[in-house]
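Q: All chains should be modelled from the sequences, with the hints used to inform the complete structure.
If you want the building blocks of each chain, they are given just below.
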Amino acid sequence: MRSLGLLTLMGAGLLSACVTINIYFPAAAAEKMADKLIDDIWQIDAPAEPPEKESEVTP
Amino acid sequence: MKKYLLLPVLLAFSLLASAEDAEPDLRIDTPAAKEIRASLKARFAQIKPLLENGTLGLTAEGKLAVRDPASTPLAERQNISKLIAGDANDKAALFREIARANNHPEWEQRIADIVHERMSKRIPAGWWVRDAAGKWQQKQESAKP
Chain A
1 MRSLGLLTLM GAGLLSACVT INIYFPAAAA EKMADKLIDD IWQIDAPAEP
51 PEKESEVTP
Chain B
1001 MKKYLLLPVL LAFSLLASAE DAEPDLRIDT PAAKEIRASL KARFAQIKPL
1051 LENGTLGLTA EGKLAVRDPA STPLAERQNI SKLIAGDAND KAALFREIAR
1101 ANNHPEWEQR IADIVHERMS KRIPAGWWVR DAAGKWQQKQ ESAKP
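The listed protein sequences derive, respectively, from chains A and B. Take the first sequence: its position 42, counting from 1, is numbered 42 in the working numbering, and each next residue is one higher. Just remember that the working numbering sits 1000 ahead of the position in the second sequence, which is counted from 1.
Misleading hints may appear alongside valid ones.
Covered stretches of chain B (chain A as the covering partner; in silico rule of three or more C-beta atoms under 8 angstroms from a C-beta of chain A) [claimed, not checked]: (1) 1025 to 1033; (2) 1067 to 1073; (3) 1079 to 1088.
Okay, the calculated bits of chain A under chain B, using three or more residues with CB under 8 angstroms as the criterion [said to hold, decoys possible]: (4) 4 to 14; (5) 35 to 41.
Think of the hints as simulated: they come from the structure by calculation, not from any bench. C-beta: ideal position from N, C-alpha, C; glycine also.
A: Here it is, written out as structure tokens:
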């Protein structure tokens, strides 16, 4: 019974960590937005260095 | 014992999976944002040749600056100051508007930082950039792997 409580606590900790990271600031969406702005205003062609690879999961 | 481990682990994994693709796009298409973008774009038509010929450069913080004030023709100095100030004001207004439009006014600085960060990776060869130590360097063609 003691270990169940510990496991639940660990699970809750992991849960809150994920939620916190997500709500805090959407870094990936912000990078995408930044690239859009740069394309629009500065009209620079293809980026010299692509942003960090993120696995796109299409629903 | 093992079955008690399964549920928290499954829960954690399902949350991780949904967290990855749960970021909606940030809006940059409000009327106010579009107006500021158009203003930045129009002014950039005048700024671009100055960046290309080295009159202007980008500071470490991503702002426009005159690279060598002494060599800038007197007649052009006032116009150039106006361009620099206008660019800075528009950018500040744009980042403020984007943060507001996405319901997080407190994101203004982070948005500015991320735009600057992306820009610094995409600066065209030939433009001048001032490093943290204050030295001007010309961006070279990046070596393609």
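Q: For the region 35 to 41 of chain A, do at least 3 residues have a Cβ located nearer than 8 angstroms to some Cβ of chain B?
A: holds (count 6)
Q: Go check the region 4 to 14 of chain A versus chain B for me, would you? Three or more residues, Cβ under 8 angstroms, otherwise it fails.
A: holds (count 6)
Q: Are there at least three residues in the region 1067 to 1073 of chain B whose beta carbon sits under 8 angstroms from a beta carbon of chain A?
A: violated (count 0)
Q: Taking 8 angstroms as the Cβ threshold, is the statement that the region 1079 to 1088 of chain B is covered by chain A upheld or broken by the three-residue rule?
A: violated (count 0)
Q: Quick check: the region 1025 to 1033 of chain B, covered by chain A? Criterion 3+ residues, Cβ under 8 angstroms.
A: Answer holds; 3 residues pass the 8 angstroms Cβ test.
Hint compliance for this structure: hints 2, 3 are not met, and every other hint is.
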